[in-house]
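Q: What follows is each chain in one-letter form.
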Amino acid sequence: MNNILILPMAIPILTGIILMFLRPYLRLQRWLSLLSVSVTAGISLYILNLIQREGILRLDFGGWLPPYGILFVADSFSVLLVLTASIVAMVCLFYAFFSIGKAHEKMFFYPFVHLLLAGVNGSFLTGDLFNLFVCFEVMLLASYALISLGGTKIQLKESIKYVVINVLSSSFFLIAVAYLYGAVGTLNLAHLSERIAEAGQNPLLTTISILFLIVFSLKAGLLLYFWLPGSYSAPPTAVAALFGALLTKVGIYAFFRIFTLLFYHEPSITHTLIGMMAGLTLIGGSIGAIAYNDIRYIVSYNVVIAIGFILVGLAVATPASMEGAIYYLIHDMIVKALLFLLAGTMISLTGTAKIDSERMSGLIRNYPLLGWLFFIVILSLTGIPPLSGFIGKVLVGQGAVEAGSYILLGLAFLSSIFVLYSLLRIFINCFWGETILSKEDEVPLRKSWMIPCVILSAATFGIGIGAEALSPYIHDAANILMNPDLYIDAVLNE
Amino acid sequence: METLITILSGVLVTVAVYLLLSKKIIQVILGTAILSHAVHLLLLTMGGLKIGSAPILGEKTETYTDALPQALILTAIVISFAVTAFILVLAYRTYQTTKTDNLEVLRGSDDE
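Note that the protein sequences, when read in sequence, are chains A and U. Reminder that position 457 of the first sequence reads as 457 in full-length UniProt numbering, one-by-one numbering, no gaps. Reminder that position 75 of the second sequence reads as 75 in full-length UniProt numbering, one-by-one numbering, no gaps.
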């Protein structure tokens, strides 16, 4: 029993509720939300180190022992993601303080961000399938509000599609839960894993697993990503950065949890399917990233490519590729937030989202820091050594070679070239070339917009250079994913 | 009894799919609402529609009804209720701003 496990979800929820009553006091709202998110990050760092000493932790709500009650389970994988999510949320909040505008702040922007974070952290920590559904819904409801907040025409058009597609996928989620409950009669993840292993994952259970595959593909944007670029390019920068960094990653987390803990007995069916879908996602994302002229769309398609890449790690399923996928997941949360923030800053400075040398050109003379940060993002996303993308790419590649999936290997690394090309196109068109903004017309770049970007760039350097310090945690996380018995033992046999 | 309820939820899914594929926003929303009803029925049926007493210790019966699916659909109903309320407001606002409720017109993104 470790009551501290509830805090990463409870603190954001309580802060969200308190902030609703502090609507007129904007300054107080900002300070409180920054405080609460940093406390959440600190606590998750503490839990992460606690796990290294004491093994997987769990909290049984109300003292109901598993498999009867609902519980939170914290292993290295989930807490690493909770920590990264809290840090990214903190940085995005900081950016929002100076960019989101009074209208948003007065319409409960901060409470919604906290509820979103609560849903995200809850999904990472829960050890119960139905509870996972509920946390997903908490996160999605907050995201519905955030995406439509502001009510511009384009936002409303995109949010109606976003909401409908997510309502539909939630229904599928419930159907899958119902079938699984009907088939094995439990909802506790560890207990499910045990019962599925006893039943030997017969064809019926494999079919149910494919239903889960469809649900999480819709949520994570694996192959079924058609809704993603539109809805991620509609909301304001800080919100888009939160979405790009956090939302799809929860779907990816669910993929890893379900397909390493529950349905790992028939990899020739499920993991092959995930591999094929990941390959197609890489191809589709690459085509999308180079097809558009709109910076927001290019950036959104880069999210899609990363999803494909991470799931190659799951499809291959060797210890090395799992470690690589976890590294890349953490890297991607940080760098995608940075990419969205930089792209949003460029758009708000120049007033256009088109790559078009008539309207946006030679920005590096006007805003050198912005240009260099963008350059760092390009290097990091492509996987150039001292930065954080490198280790993930190498380990996933190593895993793919070990497993002999050369097609996935080829696609995964080809996609890096497309990432490089799509971002260099922005860089060359917008930062190089003739400077069209004279010193007088130049919109001043506020320092407070650059601070969050600098923090995130420092983080990508830090993860890249300090990979050695991070590796025990990642190794432990991958170890638990590869050996479901460790998780089951920690939950059921204590 | 289970078979009947399963067929009923199948019929509801059919209706929901028909509505979801139509062009008016309001019909799509009704489609999602009906789909959630179908799913809730399915969830209830999957636990088995037994005739027994409430699962409380001390009741003098042989058979107990599984209470978990009922707890699950209660949660699911509340969630779908909230989402439907939200999406209705969103659709009304979209209609006010874009002056159309036709999804064919709302598709794609206008470039400028």
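I should point out that these hints are in silico values taken from the structure, not numbers from a laboratory. Careful, some of the hints might be misleading.
Just a few of them, taken from the derived set where beta-carbon distance is under 7 Å, the chain A residues facing chain U [said to hold, decoys possible]:
no., residue
1, S148
2, V167
3, G182
4, L273
Note that beta-carbon positions come from the ideal geometry of N, C-alpha and C, so glycine has one too.
Q: Are the hints correct? Go through all of them and say.
A: Verification of the supplied hints:
1. S148: holds, 6 Å
2. V167: holds, 5 Å
3. G182: holds, 3 Å
4. L273: Interface hint status for L273(A): violated (24 Å vs cutoff 7 Å).
When each numbered hint is compared with the structure, a violation occurs for hint 4 only.
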